[in-house]
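There are 2 protein chains.
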Amino acid sequence: MMITYENEFWFDRDEEGSRVFQMFPNVFGDTRGNFTEIFKEDCAGIPDWMMTSSWIKQINRSESISGVFRGMHAQQGKSCQSKLVEAVTGNIVDIILDARPQSSTFGKCMCFELSSEKKNRLFVPKGFLHGFFVRPSDTKVSIFQYIIGGSVYDKSSEFSVNPKTVLDIIGKTSIHVTADPKILRELTGNDLTLSDKDTNGKDLVEFLEDVKHEFDTNSTLWYK
Amino acid sequence: MMITYENEFWFDRDEEGSRVFQMFPNVFGDTRGNFTEIFKEDCAGIPDWMMTSSWIKQINRSESISGVFRGMHAQQGKSCQSKLVEAVTGNIVDIILDARPQSSTFGKCMCFELSSEKKNRLFVPKGFLHGFFVRPSDTKVSIFQYIIGGSVYDKSSEFSVNPKTVLDIIGKTSIHVTADPKILRELTGNDLTLSDKDTNGKDLVEFLEDVKHEFDTNSTLWYK
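These protein sequences, in sequence, are chains A and B. The working numbering runs 3 ahead of the 1-based position in the first sequence. The working numbering runs 3 ahead of the 1-based position in the second sequence.
What the hints contain is simulated information worked out from the structure, not anything from laboratory work. Only true hints are included.
Cross-link-like lysine to aspartate or glutamate pairs, in silico, DMTMM-like; alpha carbons within 25 Å at most:
| # | chain 1 | residue 1 | chain 2 | residue 2 |
| --- | --- | --- | --- | --- |
| 1 | B | Lys227 | B | Asp213 |
| 2 | A | Lys227 | B | Glu44 |
| 3 | A | Lys143 | B | Asp33 |
| 4 | B | Lys158 | A | Glu40 |
A few chain A residues that face chain B, going by a derived Cβ cut-off under 8 Å, partial list only:
| # | residue |
| --- | --- |
| 5 | Thr34 |
| 6 | Asn37 |
| 7 | Thr39 |
| 8 | Ile41 |
| 9 | Lys43 |
| 10 | Arg64 |
| 11 | Ser65 |
| 12 | Thr92 |
| 13 | Ile146 |
| 14 | Thr196 |
Bear in mind that the values here come from a model prediction, so they are computed numbers and not experimental data. Virtual Cβ for every residue (Gly too), placed ideally from N, Cα, C.
Working from the sequences, and respecting the hints, build out all of it.
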């Protein structure tokens, strides 16, 4: 068997496949190096909905230098995505934020360290915003890979939330922070390298107010 | 669109999905690093049979130090696999050998360089033996990833062919070698690091004779 998943992190659930959890592949090491199974159809011990190949809609990979922040991203409506994210090389601090207006953990976020050494992965359900950054103290290029369920890339439904507006509230809303305080200081105390698209992204507080209002008045969820 | 595939290499075909070809993803680079799409369902321009998610049965990754050779591997019968292989970091010399007894290119092999810089990938159809090595002159660890179609890992149908018996005939049988002569000298002139399983693998010539005999007498293909 390839994978065990350990801790489940406390965010509210709204349906099957909406819990946040960490996965560890088995790593088979010898004098040559090591070998891991990243995905296997019908793999025992893993949720059925994930381990059928039809779950996979897209696989992306990015390389990022020290100080880069990519996010916070999501796709709306029927193009909404869930993600299984990992660091293939180096270390990544992953940030997820529960943006499901009917959730008891609405607006809560989590920072989580992913490393190529541990080979841990994080499952990010639909309805969450997702981003990650490479700490300024990490001098190597980090390779980040994610398997996407739900939908392929759809430019018309894609949006960014400006990470600066997320960092403004981080620490106030975190519900489970495995990243140590030093990482949080690095995250909030440095000029992170962002794309123009992310810099010009939505304001988090406004976004959350909008989706909450839409849900309260029309029972409409932005991610369905 | 994510991927273009360039050259097709001349090996005989026996059905759809049995040609050998190289793929290049589009690489979107900026000051942060770069971004590539590794797989996308229903991606225009790519063979239909590959770009549906149900093609993916398994995804594996290995890390190998300088001088390691992994292979030559295949699975038999209904568990036979096709593979889309790439180097995520470093450089890899990939070796494939046509082991389809009814093929006009039966017994022919190809050495092919895959690099994380070029981000090129090679499609290896069913009926081929596959292996790769990290050149002794490459001092970094190379990460190799492959997406598998056809079947998940099945220990009972898996086998190795001893790479030394492949290297004995390399150069005599090559039909398209993109690797430069220096690489071939490194491949044949060094003590490569192998697993016990691969060291104790089948003898290539005997294997080819057996599968040819089985096809000639019973019309049975080892990979179907």
